[in-house]
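Engineer: Letter by letter, the chains look like this.
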Amino acid sequence: MRFDAMSSEIAGAVTNDHLHLIVNPTERCNLRCAYCYETFALGKMPETIVSGVFNLVKRRAEKGLKTFRLEFFGGEPLVAWDVVETLAHGLSDICRAKGTEMLGGMTTNGVLLTRSRLDRLAAADVRSFQVTLDGPKAVHDRRRVGRQSEGSFEAVWKTLEMLKAAPHSLDVLIRLHFDPTSLEHCLGDAGFIRRVSASFVKDDERFRLHFHALGRWGGPHDDETPVFGSPVDERAAVEKLIDEALAAGCSPTQFAQYRRDAALGESGHAICYAARANAFVIRSDGRVAKCTVAFEDERNTVGRLSENGDLVIDQSRHLPWLHGLISGDPLALSCPALAYLWSKSDDPSTQAA
Amino acid sequence: MNKNKYLLSAAALAASTIPAIASVPTTTSPAERPALPIVARATGLTAADLIVGLDGTVAFDVQAQGTLVCQAANTSCSQATNNGC
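Residue numbers (this note's numbering), protein chains in the order written: chain A, 843 to 1195; chain B, -12 to 72.
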C-alpha cells in the first residue's frame, strides 16, 4: 500500500492536471529565529507580480486545470496581509469560475493570524496552516524570537487555540522542532508532546503533527544550532516522538510523515515540492525558484514570472531538480537540494557540475 | 495545443520485463524503480523531456494509467521523432 501511494505521488508530480505555486507575498519577517537561513532582503510583492500570478493561474484554469495548490510562504506571509488577501480571493474567484479546485495553505509563524483573518482566508479556500513550535515556552522563546528578542510562544499558542475553536474545516499542521537537547522536554507524561496532543490534536482530525529535527540550513548561527550526529539518530528520535504522540491518544493518520521505511528529506515528504515538475516558488520580486530553503543559491533561481503570466523557465536550471523523477533516487525525490545543490546523492546525474 | 498520445500503456508495461509495480518497495535498489522511472526506462524518457512551457505545463504529461501525452508544441523533447510531437 505504501508503494501505491508513492506511485500516485510520482504521477502527481508530473501531471498537468495540477499546478502547485508557493508564493512569497514578502520575504520580510516579524521574527528572527535563531536558526533562520533567510536574509529578509525582499519586501512586499509588487502589483505587477500579483498580476502575473493571476494571469498564469487564469490561463491554466481556462485550459482545464483540475487542482491548483496555493501555499503562502515567506518571510512571514502575514506581514504582507494585503497581498495575501488580494491573491487568496482573486485566485479563489478565478478557480471557482473555471471549475478548478483550489487548495490554499500557508506556512506561518502564527503570531499575526487573527480570527478575522482566518475567516477571510477560509472564505477564499485557504484552509491549511503550518505553524511551528520549538518545544515548551522556555525552549521556544529562546529560539523563535521577535526583532527585540522577545519570545513568541504565548502568541503562537493563542493562535493555535483560536484555530482549535474556529468552526471552519481546516488542516492545521503543527510542526514541532526538536534537537538532541530539547528531546527530553518533549517526552514523558509531563512532556510537551502530551500537552500539545491533549490541547489540540487528540480527537480532532483537523490537526496533525510533524516532527522536524533542527538543521544547519545556512543561517549565520549555524554553528550554535544543536543537531543530531547522523540521520539514523534523528530518525530514532522521530520514532520516539511518534510513539509518544500515539500514547497520548493521537491517531496514526495525524502524522504528516511516513514511518520507518520511508525516505524523508528536509521537506518531510517522500517527494519534495522542489522535485516536482509542476511546482514552483514565486518569490516576491517575481523570480521563480524550486526550493524554499536555498534562496541564496543561484542554481535555485530557475526562471521569472512576467506580468502577463508567462512563466519563463531556464530549462538548464530547472531540469537538474527533476532528476529524481526519472532516476527514482529516494534522496533526489525527497530532498533535491541535498542531492543537487549539496551533492550528497550517490546518483551522479543529480550532482552539481 | 498538440496532444499526441504516446505509445506506452499499462498493458505494455505489464508485458515488459520490468518488475511489477506492486512488488517494489519505496526504498529500492536502482534496478527496482517505481512508476515514472519505469516509464522512463521503457521509453527512453529523460529529464530533458520534462521541459516546462510558458504556461507552466510539462512537455510530457504522464497520466496516472501510464500513458504519456505530449503537451507542448514546438518543444525539443527527445521523443519528438517517435511520436510526431
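Hints listed in this document are in silico derivations from the structure and should not be mistaken for laboratory results.
Don't take each hint at face value.
Calculated pairs, SDA-like style, for lysine to any residue (alpha carbon to alpha carbon, straight line, at most 20 Å) [to be verified]:
| hint | chain 1 | residue 1 | chain 2 | residue 2 |
| --- | --- | --- | --- | --- |
| 1 | A | LYS900 | B | GLY40 |
| 2 | A | LYS908 | B | THR33 |
| 3 | A | LYS905 | B | GLY40 |
| 4 | A | LYS1000 | A | ARG962 |
| 5 | A | LYS908 | B | LEU41 |
| 6 | A | LYS1000 | A | SER1041 |
| 7 | A | LYS905 | B | ILE38 |
| 8 | A | LYS905 | B | LEU41 |
| 9 | A | LYS886 | A | ASP924 |
| 10 | A | LYS908 | A | SER970 |
| 11 | A | LYS1082 | A | ARG1036 |
| 12 | A | LYS1000 | A | GLY932 |
| 13 | A | LYS979 | A | PRO1022 |
| 14 | A | LYS940 | A | ASP859 |
| 15 | A | LYS886 | A | LYS979 |
| 16 | A | LYS886 | A | THR949 |
| 17 | A | LYS900 | B | LEU41 |
| 18 | A | LYS1000 | A | VAL987 |
| 19 | A | LYS1000 | A | LYS940 |
| 20 | A | LYS900 | A | PHE882 |
| 21 | A | LYS905 | A | LYS886 |
Engineer: If a hint holds in the structure, say so; if it does not, say that too.
Structural biologist: Now for the hints, and whether the structure bears them out:
no.	hint	in the structure
1	A/LYS900 x B/GLY40	15 Å, holds
2	A/LYS908 x B/THR33	26 Å, violated
3	A/LYS905 x B/GLY40	14 Å, holds
4	A/LYS1000 x A/ARG962	19 Å, holds
5	A/LYS908 x B/LEU41	18 Å, holds
6	A/LYS1000 x A/SER1041	11 Å, holds
7	A/LYS905 x B/ILE38	19 Å, holds
8	A/LYS905 x B/LEU41	13 Å, holds
9	A/LYS886 x A/ASP924	10 Å, holds
10	A/LYS908 x A/SER970	19 Å, holds
11	A/LYS1082 x A/ARG1036	13 Å, holds
12	A/LYS1000 x A/GLY932	29 Å, violated
13	A/LYS979 x A/PRO1022	17 Å, holds
14	A/LYS940 x A/ASP859	13 Å, holds
15	A/LYS886 x A/LYS979	31 Å, violated
16	A/LYS886 x A/THR949	17 Å, holds
17	A/LYS900 x B/LEU41	13 Å, holds
18	A/LYS1000 x A/VAL987	16 Å, holds
19	A/LYS1000 x A/LYS940	37 Å, violated
20	A/LYS900 x A/PHE882	30 Å, violated
21	A/LYS905 x A/LYS886	30 Å, violated
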